[in-house]
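Based on the provided sequences and hints, a complete structural model is requested.
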Amino acid sequence: MGFSWVLSVLLFAKSLAKFLIAMASILRFRKLCYVEPVNCSSLNFESFETLKGDNNEQFEAQNVEKKDEKGVDVDSVTEILLNRQNKKKRPNKRGNKEWRCVDYCCWIIGYMCTTWWLLLFLYHCLPANLPGLRVAESPGTRLKHEGLIAHHPVVLVPGIVTGGLELWEGKPCAEGLFRKRLWGGSFSEIFKRPLCWLEHLSLDNVTGLDPPGIRLRAVPGLVAADYFAPGYFVWAVLIENLAQIGYEGKNMYMAAYDWRLSFQNTEIRDQALSRLKSKIELMYVTNGYRKVVVVPHSMGVIYFLHFLKWVESPPPMGGGGGPGWCAKHIKAIMNIGPAFLGVPKTVSNILSAEGKDIAFIRAMAPGLLDSELLGFQTLEHVMRVSRTWDSIISLMPKGGETIWGNLDWSPEEGYGCDLVKKRYTSTEIKTNNTDGKRGLKLQESAKYGRIISFEKAASQLPSSQLLNLGSKEFQRTSTGTNSNTSCGEVMTEYDEMSRESIRKVAENKAYTARSVIDLVRFVAPKMMRRAEAHFSHGIAENLDDPKYTHHKYWSNPLETKLPDAPDMEIYCLYGVGIPTERSYVYKQSPSDRCRSIPFRIDSSADGSNDGCLKGGVYFVDGDESVPVLSAGYMCAKGWRGRTRFNPSGMATYIREYRHKPPASLLEGRGSESGAHVDIMGNVALIEDVLRVSAGATGAELGGDRIHSDIMRMSERVSIRL
Amino acid sequence: MPLIRRKKASENDNDQASISSDDNSKKKKSVSTKKVKTGEKSNKWSCVDSCCWFVGCICTVWWSLLFLYNAMPASFPQYVTEAITGPLPDPPGVKLLKEGLRAKHPVVFVPGIVTAGLELWEGHQCAEGLFRKRLWGGTFGEVYKRPLCWMEHMSLDNETGLDPPGIRVRPVSGLVAADYFAPGYFVWAVLIANLARIGYEEKSMYMASYDWRISFQNTEVRDQTLSRIKSNIELMVATNGGNKAVIIPHSMGVLYFLHFMKWVEAPAPMGGGGGPEWCAKHIKAVMNIGGPFLGVPKAVSGLFSAEAKDIAVARSIAPGVLDKDLFGLQTLQHAMKMTRTWDSTMSMIPKGGDTIWGGLDWSPEEGYVPSQRKQRNSDNSCSNQNGTESMNCQSKAVKYGRIISFGKDVAEAHSSEISKIDFRGAVKGNNVANTTCRDVWTEYHDMGIAGIKAVAEYKAYTAGDIVDLLHFVGPKMMARGSAHFSYGIAEDLDDPKYRHYKYWSNPLETKLPNAPDMEIFSMYGVGIPTERAYVYRLSPSAECYIPFQIDTSANGGDEDSCLKDGVFSVDGDETVPVLSAGFMCAKGWRGKTRFNPSGIQTYVREYDHAPPSNLLLEGRGTQSGAHVDIMGNFALIEDIIRVAAGATGENLGGDQVYTDIFKWSEKINLPL
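Sequences listed follow chains A and B, in order.
Note that the UniProt record's numbering has the first sequence beginning at 1, numbered continuously upward.
Note that the UniProt record's numbering has the second sequence beginning at 1, numbered continuously upward.
One side of the interface only, derived from the structure: several residues of chain A facing chain B at Cβ under 8 angstroms: (1) C106; (2) I109; (3) C113; (4) F178; (5) K250; (6) R275.
Derived list of chain A stretches under chain B, where covered just means 3 residues or more per stretch with a C-beta under 8 angstroms from a C-beta of chain B: (7) 211 to 221; (8) 261 to 274.
Simulated from the structure, these hints should not be mistaken for laboratory data.
From the three backbone atoms N, C-alpha and C, an ideal C-beta is built for every residue, glycine too.
Here's what the structure looks like:
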């Protein structure tokens, strides 16, 4: 799920930090200006004095104060001097030529600018490839030398957050932003008119579509998601490598869609699915009847799953492509960082608009986010806006306790984090096993099944000791609403909840994947009412039940059958080796005076040294956003062979990429990264994608490539297949 | 900062070392400081310091202005404008929204030559780092940085007219392809913004961008562009509730779309296989903006000597600049070498020969006296400013039919007085071995002196001769071109040879599709002098240069003459003469003719040019009639929006004509 919420929220945090720095520098600058009139007249002398001492010292605020003291006696000297000069009545031409502060400032600025430009100029003059900085050959060129050329057309399906959105119609406050990006790009409007920006990004709270008078649309074409922000690539590296073996606009298509909407709504409002269908058909025909290779990323994976069902369903609800459409048009689906079974991160985002990173920031600088800095309730605003986005619900953990574990059990049980690290650092497989055993003994098994628990103790106690109220006992007491108008206009649904019910939520202590949905339904009723018409999170008992023809089941791999296309291949490509959020320890916010988010991650909850609990978050193996279980389960077991979810028995392959942080800063985000978005620059992954799009099959790639324990974890999940 | 101080230290140390001691007597110190001061007087305002100070000042002022500009509310410029000129009229989109118009028919834009962006997908070593950057359109930054590399990548293969090996330059896709040509220079942006006001968005608007350098059929062969347009139109019609599409081609896009309409209904191997009803089913109206249906005389001078009015004027103002090997660059030669590899330029060579464009002694525009028109206009409209524009040709008949003549006297003499020597059989070769000409290679180098002489001795060329002339001077180019384009008039449209794609973009050699409900609009600006015929001369030294150039010394008798700097002008939109833009809709397709067998309705909509009254605030004007600026013309935008929202040509008010296009069309003797 993109690099997800975290980024959106981080951007706020960053902006704040930047602002603070800017303020500080301005203050310092002003200080300079205030101080200097005192010693400016004597700046000549004073500078001589300081130069004797330490030439290298920076001209900084403290320094100024020091100089100040000296400046006083120097001042008297000038006075005398000036008196004498007056006596002699020499015409004093120099008075106006004197270096004044302003002149000095200008001088400094000019000096810096000139140097900067010079450096810039030199940088541009530099030959593009210095012999010393020889960049490793890109996989595209390497494979081109091997003789690979573009064969199958390629469709890229971006995930949540990473696609750009531009304005087509706005309120008066957004004047002049027509067809400018509001999401993606430089995000400059956040600083200029933050409230206006938030208003335009929100959707209607009831319909989940455009609010009246606002039309925000997905940017089309490859530019939609090649770079998220300047310099932050998403698809750009992959696109460039594909181009090197001969791809171009005619056989590469970016299926951009409005990622805020529920999947079916992208069709209803923008006909995005119809466009995708038509584009695939067109490319299939114009490229000599070669099937397409689809490369979805993150949420795009379930979006495309939805598409697969949609396209074969009959017209009013579906695309009317008929039962053979997928078999005819699609060669392979190469899911990158797939969030098939949902992402636990979503839960914390919906509940308290925070993730690991935010909780961390809060722990570092407790005041920063909580105080209403700039009259801005950042998190509350984020929550209010993001709760109008239906698509988030598609990323809630699916499959309930069967997949994600219950109060006492979870498929990942016993696979600690330190374990993960150790296993990856050791080179030999055999030591792996011994390590694993040792780790098992050390580790008091973390109860990942409890996705949300209140207080650290609750996350560790055996279930028998937990006071567990049924979800039905949640009751909204409409009487005790603490609507305080002093809290500004930020309205989240929490404002409508009484204090008592908040307390009740907290008393329930532990929530599993199933009860978390009830919890979310309770704290965000409007959102869930909208979204539950579009998404479902269960497991199908009987897939032939006619109710499963409804579009709300299409994006849940546990409630749909794959299309009848035995030649199609499904790949799960994802990074491993990064601790990934799996479950959370929450607490109530200390004062709910004006803070409308009553819960937050308890960042003080840390496990023992090698524990998986850190900053209130339990970690498992994954790609930083999606846990291995969610990314790999369907390919490892759910669809492996001929199962009821995969009746035609299409081949599935798991390709894991072990995370290696970039060796040096020069490498940027690394060519061997396994992180959720950075993996798009992973050389091994790019090579796999290129080979398949040039015609290779999964078997030719080498079949599965597994580093994690996904196979064993999948074994523990008991689903009838 | 430490640097500053250190610098001063060294200077002052040089002056006097005594300054260093702190416990000098007061007197001594004062003396020394005095000396320091005088010493500094000379040092302090050193040149570098002053420069830095100056740069700093400018930067600071710039930044503060930038800050103010950014802090300024967005409506401020509009407020100022309104304060000065009174309230502005609503942009047409807003006005029509208030009238209740809403998006109905999907809209397809077809950009013209040059205006659409091209980006690099694969390049040579020298173009490192330009992947998916615009080579054409945008800032053109690479032209200055690596001009030769840029030229190399923009050129096509001289034999095939397709990509040279190892280079792939492709059209930018989406609305961004041609909304702005360069930053701030709009092409489609104003129209798009106004359409968006009444509810259009990406799903109901489509920019059919194509590689405008290659011939029309090759865009399909290489990029499958025509198939993509077909599929997109089908998709848009399907997703917009079956409402047919409104097509808005501009400039060369008009010809391109003409080609498309034939292609889409032609059977599969050469065509799109859409079947005979495709256009009738999918297209509501084709609204051609500034369409060069019958070609543009400018294309001739461009191909012949890589120059146009503007270049010729530049040459006459500064004779040395272009002719000399400035910077070791033979600019024009390079430009010619590059543009001659572009097949599409040949689609705009005047079509229809002498029948349309006039013979040696005759032309449809003959006796055209624009002043009359002006008077007539000013009677009923407020075009007072137009009157000031001197477009009044002498009543003496100008012989526009001679598109190229060598020498001014030839241009004006009667045909019996011109002694012509046919160039067609002339021997080429006799080449001066010019290895000195660097590596710029134009086909003129093959011609040799004899060939050049032969060309000049033919004296006067009509539209019919021009094609032969171009065959003579640029054989390779024309060999490629004649496989893709044709410039004649069909005798019998049912002749099976006309099924070949090379005739599809020539309106005089194709039938319109069978779609009686479709409407064709011809919308173009008038009231600007437009190049129609040229006076040429031989270049002074014919060794390393293009041997012909426009004779800028050839001027008409008085100020009001149509001949100016070697160029005869007629009425038009600065690029396309009225005749070319209007003839087909005024006569060729009017009613049921052999070119228009199903009797598709045609409308001529002319927009009289009025320069912006206020340069600073209005930019390129809202009543402009110039070839590209007309895309910001409010009246034109209003027409388009009305049609897109469902109106027919009748609802718009039928024809709207300022020129004598109907009279001129009458003079053309073409069996219909």
